[in-house]
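J.: Residue-level listing of the chains:
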Amino acid sequence: MDRVIEISNVSKNYGSVKALRNLNLSVIEGEIFGFLGPNGAGKTTALRILVDYIRSSSGTCKIFGLDTVKDSSTIKNAIGYLPGNIQLYKSMKAVDLLKYFANLRGVTDWNYVENLANSLDSDIGIKIGNMSKGNQQKIGLIQAMMHKPRLLILDEPTSGLDPLIQEQFFIMIEEIRNAGKTVFMSSHVLSEVERICDRVSILKNGTIVATENIETLKIKSAQEFEIHFSTPIQKDKFMSLEEVRELKFNNNILKCTVIGSPDNLLKLATQSTIDKIVTHESNLETTFLSFYEDQTEF
Amino acid sequence: MIKNIFLKSIRDYRWATLWWSIGVSLTSVLIIAIYPDYSKAGNELNELLNNPAMKAFVGELVDLTTAEGFLTMEGYNLFFPVLIIIFSVMLGTAFVSGEEKDGTLELLTSTPLSRNSIITQKFFALFSLTTFLGFIFFLSISIGAIVIDMDISIVKITNISIHLALLGLVFGCLSFFIGSMTGVKSYSIGIPASVALISYLLNAFSSSIALFGTLKYLSPFYYYIDKNPLIHGFSPWNTVALISIILILGLLSLFTFKNRNLT
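Quick note, the sequences are listed as chains A and B, same order.
Under our numbering, the first sequence has 91 at position 91, and the numbering climbs by one with no breaks.
Under our numbering, the second sequence has 119 at position 119, and the numbering climbs by one with no breaks.
Same shape as in the complex, but just chain B (with noise of 0.2 Å):
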């Protein structure tokens, strides 16, 4: 039984999620699977790809040979970041804007509960899935390491996991924010992938393009990533900078919901 609104968006999703848990394990099962051919290839990779033409799409100059250089690159750098926003981005919407299209926004709205309750707990349901997913990449790149024996801390892989589950809140609170404010699911999805593309980008060449060198605070992308996790160890101060964006966006869309008319 369906005891209240939170469950009835996990429960909702719990196929969805089911499926890219699935398809994030084996991704990451064949990433971790071509570390070994990778790491033998050793420096002549690395003068390939260490150029600046290159740097975009690598991020922050890393030794290829080593298994968190190789992760960074492969994985967490651009890849994992994608599969995960994709996911939240699509729960963000479906939770606000989505039901709201759907016309059962109206039946819901109509309980006893506030709105603020409604958005609450439609949040900690995006917050859980989310999470879930980040923990998933956590546990099936770190049973991969171990598998092939690869020179890599578990904390280190936990330290990039939490940052990417906050990369993904980020950008799936976007849309849950923008689904509050206007309740049109287009924007929902489009707004948030183009700021994602856009604060990538002003993250990448930051040190190429003088200009992105002061923007890139804007990013996201550059508090996830830009003192890599898991290379360097826990950033505590880009956590707490991405957490504070997740409650933001979480607090703005309480204040929007609460005060718009509803279609």
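Only chain A is shown next, with the shape it has when bound in the complex (with noise of 0.2 Å):
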């Protein structure tokens, strides 16, 4: 397999903050990438770096073989990319930018243009400066995929998107991994990096901590716990769970974390009445936290 993105000990500094410290990342082809970390761990910074928005300060990105900042026209050639924070020129109906960027890109193939809006429910006759945040996602995801792309680099693609708009994009972006193409995308939403992406790096403090297959990241994935009983329960017994973590009981409720499958906890938890179960996903901190916190200082 081809390596279509090679980051080499790249470092950004913007005075003496450092954005991102010698970050290594190899991203191969026909795969879904995800880049995942809380705001401000530097993942925009490395995208822009990628498509030579900004320079890095040390270090070397390739794309393609191909250096990011000597050959980046010709790079460009084949890349999509939809910047975090989208900003269109609002006094332009859609239509008209998406027209303007099919000339700008040489894209001739106006039908594809336009299914790719009718998939994203996206009413391209309106003014931007007249459109939602979401709407405005929708425009950019379209410029970026419209010359359909070798590799496409979506900088938090999902922001703004209902759920049903969200679902169609995880489809559109899985049938172009199906056509061989490869995806770099960043997110600091767990869920939506499971749901479609093949691999993952994690960035924290702009320093990568962890790279890993989803599936592996699934399986070890943290999720939060609150159980109502009915009755007092036997603490000893959930401590004793080796998945359980950050156990808490306050009067007839057990909180926790719960690092992979929560099989066990469930199991001995039904040993008695249950009121009620609430649980929701760990945020990306606290499932890293648990999943390093041997490994790293996180």
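These aren't lab readings, by the way, just hints derived from the structure by calculation.
Every value quoted in this text rests on a predicted model; they were computed, and no experiment measured them.
Do not rely on the hints blindly, as some may be mistaken.
The following label-pair restraints were derived from C-beta to C-beta distances [claimed, not checked]:
no. : chain 1 : residue 1 : chain 2 : residue 2 : range
1   : A       : G106      : B       : V29       : 44 to 52 Å
2   : A       : E174      : B       : G190      : 23 to 31 Å
3   : B       : Y217      : A       : Y112      : 54 to 62 Å
Straight-line C-alpha distance at most 20 Å; calculated DMTMM-like pairs for lysine to aspartate or glutamate [said to hold, decoys possible]:
no. : chain 1 : residue 1 : chain 2 : residue 2
4   : A       : K133      : B       : D102
5   : A       : K93       : B       : D102
6   : A       : K148      : A       : E175
7   : A       : K99       : B       : D12
8   : A       : K255      : A       : E243
9   : B       : K3        : A       : E114
10  : A       : K127      : B       : D12
11  : A       : K93       : A       : D67
12  : B       : K40       : B       : E74
These stretches of chain A come out as covered by chain B in the derived footprint (C-beta under 8 Å, 3 or more residues) [as the list claims (entries may be wrong)]:
no. : stretch
13  : 43-53
14  : 56-70
15  : 170-181
No residue lacks a Cβ here, since even glycine has one placed at the ideal position from N, Cα and C.
With the hints in hand, could you dock these two chains into one complex?
T.: See the structure below:
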């Protein structure tokens, strides 16, 4: 498999602030690669370096084996890019903006552009200034995909999209991957990365703390549970469960974080009478704190 | 359909340019309209205005009873340059630092167009629109002069109009360059405005303050009006000087934009 993206020892400093520190990353052709991290981790900085919007302080980036600075124009013929917090020309109608970018990119298959718009349920006859954030995001996605690029670089692509459109977007991205193309997308939402990515890198304070196959991540990912019991429970049994962390008891309510499968916890819990179970996915930091607590200071 | 960045830039400012053109035309017509009364006042005005205190505002000593002197004092010495400089700086700011501040530059630079191509197309849009406004000045003054039968050569109006457009472009390009170098909109507006003011004063006081006599060569206003093309005809070296400044600023814009972090 060819390496589509190669980031080698890339650092980016803004004065004394180190936005990226010695970043190393490879993305393989035909995969959907997630770039995960909390806000401010350096995801956007890394993506902007890849598309040569900003320059790294040290290190090199290659796309398709070409230098992202020296061969920027050649590379951009084959990539589609969605900036984070996209800004479009608000005085233009979406259709005019898309035709403008189609001209700049040499796109001739306008039917494909219309199909993209239909798939994302986007009314491109509207002036962009009158569109909601989500609808502007759709236009951003269409312009990124309109020229059928070999590589898509997407910064927080589902931002502002409603759940139905998010699902449609995931289907489109999977189709793109199935056609042998590559997607590199940033996100701070673990569930969407789990849903579509093949591999993921976790960025924290400008450094990659882990790169994992998504299946491994799913097995080890964290969930928070809040179980309301009708009667008092035996705490010791729960404390002995290896996968349970941050266990707290308050009256008859148990709160904890589970790394991996909650099967043992639920089997134990159902031995008592349960009034209610509340569960939600841990935020990213908790998940990876749990995941890497023995390996790195996160 | 908009095919490239040059046409998009022109399209974005087509209405602004139209309104500026209407304003410039009306201003020119009003100025021309007062000339018949003005010329009748004759030498009294010359005595009043051609003294050292007024010279800073009038510039070169001119015979105000002539059409050339009248147009120089009422328009080409200060008022018309101010108008075309404001217009050109507005565009120079909008095309680079304005687009960068709006955030739309990130999407534009993700296309296969090189940074050089982007900046070159925008530069030509700035050149075209400023030159167009210079042409409107030429057109409105020429038509006005013909209508009231002013004793002035169209060739001389052409000469000063070329210099006027070039002067506007000098400061528009300065704004464009600062935007390309820094991406900061306030710098793109503020620095050219300050430089324009200082340049004007350097040239205007060059005959009364010895130091300014040397420094005037740094002033684009010197090359614009020193050998007044409206009175003395075309001055090719001054024209070359203005064009050179524009080209240097254009090349500096290319170099700085190509080699910096965008924001």
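J.: Going through the earlier hints one by one, which of them does the structure break, listed in rising order?
T.: 2, 11, 14, 15
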